[in-house]
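There are 2 protein chains.
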Amino acid sequence: MTIPSLAASGLQLRSLVKPEGQLELSLAAVSTPQPAPDEVVVRVEASPLNPSDIGLLFGAADIATAKLAGSGASAVTTMQIPGRAMKSMAARLGQSMPVGNEGAGVVVAAGDSDAARALLGKTVAALGGAMYSQYRCLKLEQCLPLPEGTKPAEGASCFVNPLTALGMVETMRREGHKALVHTAAASNLGQMLNRICIEDGIGLVNIVRKPDQAALLKSQGAKHVCDSSSATFTEDLTQALVDTGATIAFDATGGGKLAGQILGCMEAALNRTAKEYSRYGSTTHKQVYIYGGLDTGPTEFNRNFGMAWGMGGWLLFPFLQRIGAERAQALRARVVAGLKTTFASSYSKEISLAEVLRPEEIAVYGQRATGTKYLVNPSKA
Amino acid sequence: MTIPSLAASGLQLRSLVKPEGQLELSLAAVSTPQPAPDEVVVRVEASPLNPSDIGLLFGAADIATAKLAGSGASAVTTMQIPGRAMKSMAARLGQSMPVGNEGAGVVVAAGDSDAARALLGKTVAALGGAMYSQYRCLKLEQCLPLPEGTKPAEGASCFVNPLTALGMVETMRREGHKALVHTAAASNLGQMLNRICIEDGIGLVNIVRKPDQAALLKSQGAKHVCDSSSATFTEDLTQALVDTGATIAFDATGGGKLAGQILGCMEAALNRTAKEYSRYGSTTHKQVYIYGGLDTGPTEFNRNFGMAWGMGGWLLFPFLQRIGAERAQALRARVVAGLKTTFASSYSKEISLAEVLRPEEIAVYGQRATGTKYLVNPSKA
Chain Z
1 MTIPSLAASG
11 LQLRSLVKPE
21 GQLELSLAAV
31 STPQPAPDEV
41 VVRVEASPLN
51 PSDIGLLFGA
61 ADIATAKLAG
71 SGASAVTTMQ
81 IPGRAMKSMA
91 ARLGQSMPVG
101 NEGAGVVVAA
111 GDSDAARALL
121 GKTVAALGGA
131 MYSQYRCLKL
141 EQCLPLPEGT
151 KPAEGASCFV
161 NPLTALGMVE
171 TMRREGHKAL
181 VHTAAASNLG
191 QMLNRICIED
201 GIGLVNIVRK
211 PDQAALLKSQ
221 GAKHVCDSSS
231 ATFTEDLTQA
241 LVDTGATIAF
251 DATGGGKLAG
261 QILGCMEAAL
271 NRTAKEYSRY
281 GSTTHKQVYI
291 YGGLDTGPTE
301 FNRNFGMAWG
311 MGGWLLFPFL
321 QRIGAERAQA
331 LRARVVAGLK
341 TTFASSYSKE
351 ISLAEVLRPE
361 EIAVYGQRAT
371 GTKYLVNPSK
381 A
Chain B
1 MTIPSLAASG
11 LQLRSLVKPE
21 GQLELSLAAV
31 STPQPAPDEV
41 VVRVEASPLN
51 PSDIGLLFGA
61 ADIATAKLAG
71 SGASAVTTMQ
81 IPGRAMKSMA
91 ARLGQSMPVG
101 NEGAGVVVAA
111 GDSDAARALL
121 GKTVAALGGA
131 MYSQYRCLKL
141 EQCLPLPEGT
151 KPAEGASCFV
161 NPLTALGMVE
171 TMRREGHKAL
181 VHTAAASNLG
191 QMLNRICIED
201 GIGLVNIVRK
211 PDQAALLKSQ
221 GAKHVCDSSS
231 ATFTEDLTQA
241 LVDTGATIAF
251 DATGGGKLAG
261 QILGCMEAAL
271 NRTAKEYSRY
281 GSTTHKQVYI
291 YGGLDTGPTE
301 FNRNFGMAWG
311 MGGWLLFPFL
321 QRIGAERAQA
331 LRARVVAGLK
341 TTFASSYSKE
351 ISLAEVLRPE
361 EIAVYGQRAT
371 GTKYLVNPSK
381 A
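Note that the protein sequences, when read in sequence, are chains Z and B.
According to the working numbering, the first sequence is numbered sequentially starting from 1.
According to the working numbering, the second sequence is numbered sequentially starting from 1.
FYI, nobody ran anything at the bench for these hints, they're computed from the structure.
Any given hint could turn out to be false.
No distinction is drawn between identical chains; accordingly, a pair holds when it is met within one copy or between any pair of copies.
The list that follows gives simulated cross-link-like pairs (lysine-lysine, DSSO-like), each with its CA atoms no further than 30 Å apart [unchecked claim]:
#1 Lys122 / Lys218
#2 Lys275 / Lys18
#3 Lys67 / Lys218
#4 Lys223 / Lys18
#5 Lys178 / Lys18
#6 Lys87 / Lys380
#7 Lys275 / Lys139
#8 Lys67 / Lys178
#9 Lys275 / Lys87
#10 Lys349 / Lys257
#11 Lys67 / Lys139
#12 Lys87 / Lys178
#13 Lys151 / Lys87
#14 Lys122 / Lys67
#15 Lys87 / Lys257
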């Protein structure tokens with residue numbers, strides 16, 4: 001069954017790395033598929049530009065070199081990829097890739113099954129990939145029906161940030177820690193994590209880079225906020241770790257010295273209560289998970305935190321697989337229940353697919369800075 | 001029961017950090033205790049100078065500044081600790097610490113129990129700490145009786161190196177890897193690990209720093225040896241990782257770029273067989289455990305190995321606790337059975353307690369370099 005107004009084709013944003021060392025953004029006309037019995041077609045109306053999307057969108061290209069040619073559906077934006085970075089792009093060379101991990105929209109066509117037809121006209125969210133598309137055909141199990149009265153913009157960020165924030169708390173518990181540290185803590189994700197920890201009564205040490213970010217989090221009830229630009233940062237962080245007992249951290253920056261500093265301060269906090277000299281340092285395991293790469297430079301640390309430590313990558317999808325379908329479903333249900341409160345996201349601007357390609361917009365959302373998160377509305381003209 | 005020749009006191013090596021920024025090595029006269037029923041007194045005749053012992057012996061002191069004063073039992077060696085390093089010594093300040101993790105000797109006195117008396121005159125090994133002592137009183141459960149005909153020098157290194165090498169293989173298996181990488185691979189420990197892997201048919205990638213170290217390992221049957229001083233090191237290592245499928249490494253150096261290079265080459269090896277582009281890199285977990293600190297400088301890496309990676313400290317004692325008493329006992333039994341073959345250690349020199357204090361000896365064994373491992377014989381005049 002198809003709603004008559006459904007267009008035969010729709011635009012889809014594409015990112016392509018060319019062997020000559022250029023990245024090209026364009027809009028491809030993609031025919032709208034006839035949904036199989038267990039599928040629906042969603043008219044996407046809201047999809048966030050998350051750091052993980054921006055990573056795929058621009059690859060290793062230098063966004064300062066972005067140039068737009070043409071207009072409307074035939075617009076193409078080209079940017080340069082530094083020669084030394086081409087090696088890391090080898091695996092995606094020549095592949096025109098759709099982008100957009102998650103989003104929400106209205107079901108405008110449904111396959112020939114009761115379950116599919118039941119969704120017609122409903123607003124659903126999905127972690128489907130290729131969500132920067134006007135029409136996206138999805139399996140029923142990919143669709144998360146949103147409660148009556150939820151707008152697509154309110155459900156656009158149902159998955160990545162909420163499940164990542166919940167995943168951090170879940171990982172903390174599963175690995176036997178009682179409180180946690182978060183960096184880049186004034187981000188949408190960080191604010192969400194702060195609300196979760198307040199709700200659950202969990203100690204959270206928020207690390208930010210600027211005084212106004214600290215003020216923002218404090219205004220939202222955060223108890224422990226450490227500003228890495230402060231002269232007393234190391235002492236502040238150590239004290240917050242003593243106060244909370246946090247021995248696990250989630251770091252969005254990746255590069256630089258922060259991850260190592262956190263381990264060093266954890267060790268200092270643990271040693272404040274140590275009773276005798278241990279030449280291998282504290283025996284309590286200290287862990288930092290790097291889940292982002294806001295600082296793309298090298299990671300560096302002095303091993304001044306004994307031998308009981310770990311550092312490693314953390315990624316949402318393997319985490320969800322590890323905890324199993326049932327527990328993952330419970331986390332999703334919590335997100336839906338708190339979509340307008342705990343898990344609410346905010347955006348500084350809503351843009352169309354064509355506007356995603358505009359250099360003046362790229363210069364803003366491409367920074368991945370706090371307060372510049374954009375929402376893409378592929379159905380916007 | 002006490003053997004008549006047992007002296008009322010014996011010398012014990014001590015290391016002391018003074019608040020003024022000096023480290024002092026001396027020989028203390030310690031009265032030989034009367035063993036409790038479940039204890040024996042061992043006349044220590046052989047105890048290795050392992051890197052972990054050297055770490056405690058010298059702390060953060062600069063061995064190039066070592067100065068000896070006095071002679072015989074009243075000799076004292078003093079060395080300077082750089083001001084910036086005193087912070088890391090805070091917890092051991094003013095404590096005169098005995099040294100020597102492990103060693104072997106002859107039971108010369110026994111407590112009043114059948115089990116203790118049965119050991120009289122026998123050669124035993126122990127991981128007792130304070131083994132740079134002429135007489136060491138030990139609990140029965142700390143003593144590992146050596147097979148008839150084993151000299152103390154042959155049993156001196158029963159624990160630290162053999163159990164660390166076996167622990168690496170055990171950790172590899174428990175964490176689901178099928179082959180492993182080892183750095184500083186020409187060390188006594190590295191040669192032992194090579195023999196274990198040959199025995200067990202496990203793929204081992206040996207990383208060394210010099211051509212003669214590579215030649216040494218190859219002469220001992222090592223199949224994969226990569227010399228980090230070679231211009232083709234990165235390619236050699238990647239190929240060895242492809243050939244063995246190793247995705248876990250044990251690194252003795254700690255500082256510098258090597259740990260990160262290993263992860264980067266593991267990722268490159270995994271991607272050689274990858275079928276499609278994954279923006280988060282290979283999904284196979286890659287792990288480096290840092291178990292030593294031959295390079296005391298900062299650890300630095302570029303995160304060019306996806307998100308499925310971990311780095312962390314690895315230490316023998318927590319490992320043995322984790323695997324439980326039964327499995328630990330099985331590992332020890334394997335060591336005893338192979339003491340003169342797989343688990344044989346070699347030393348470049350045997351020195352007395354007084355000689356441990358001599359600057360000209362410190363200059364050699366203090367390097368912790370391949371081929372300069374010393375054996376301490378506290379019973380040597």
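Taking the hints in turn, this is what the structure says about them:
1. In this homomeric assembly, Lys122 and Lys218 never come within 30 Å of each other (Cα to Cα): the closest approach is 38 Å inside a single copy and 68 Å across copies.
2. Within a single copy, Lys275 and Lys18 get their C-alpha atoms only as close as 61 Å, which misses the 30 Å cut-off; across copies the closest is 19 Å, which meets it.
3. Within a single copy, Lys67 and Lys218 get their C-alpha atoms no closer than 40 Å, and across copies no closer than 56 Å, so neither meets the 30 Å cut-off.
4. When the C-alpha separation of Lys223 and Lys18 is checked against a cutoff of 30 Å, the pair qualifies neither within a copy, at 48 Å, nor between copies, at 41 Å.
5. When the C-alpha separation of Lys178 and Lys18 is checked against a cutoff of 30 Å, the pair qualifies neither within a copy, at 48 Å, nor between copies, at 38 Å.
6. In this homomeric assembly, Lys87 and Lys380 never come within 30 Å of each other (Cα to Cα): the closest approach is 36 Å inside a single copy and 61 Å across copies.
7. Proximity of Lys275 to Lys139 under the C-alpha cut-off of 30 Å is restricted to the inter-copy arrangement: shortest distance 24 Å between copies versus 58 Å within a copy.
8. Neither within a single protomer nor between protomers do Lys67 and Lys178 lie at most 30 Å apart by alpha-carbon distance, with minima of 49 Å and 49 Å respectively.
9. Proximity of Lys275 and Lys87 under a CA criterion of 30 Å is satisfied inter-copy only: 17 Å between copies versus 51 Å inside one chain copy.
10. Taking identical chains as interchangeable, the C-alpha atoms of Lys349 and Lys257 are never at most 30 Å apart, the minima being 33 Å within one chain and 42 Å between chains.
11. With identical chains, the CA atoms of Lys67 and Lys139 are never at most 30 Å apart, being 37 Å at best within one copy and 77 Å at best between copies.
12. Taking the shortest alpha-carbon separations for Lys87 and Lys178, only the inter-copy value of 28 Å comes in at or below 30 Å, while the best intra-copy value is 41 Å.
13. For the homomeric pair Lys151 and Lys87, neither the shortest alpha-carbon distance inside one copy (42 Å) nor that between copies (57 Å) is at most 30 Å.
14. Neither within a single protomer nor between protomers do Lys122 and Lys67 lie at most 30 Å apart by alpha-carbon distance, with minima of 39 Å and 83 Å respectively.
15. Taking identical chains as interchangeable, the C-alpha atoms of Lys87 and Lys257 lie at most 30 Å apart whether they share a chain (25 Å) or sit on different chains (20 Å).
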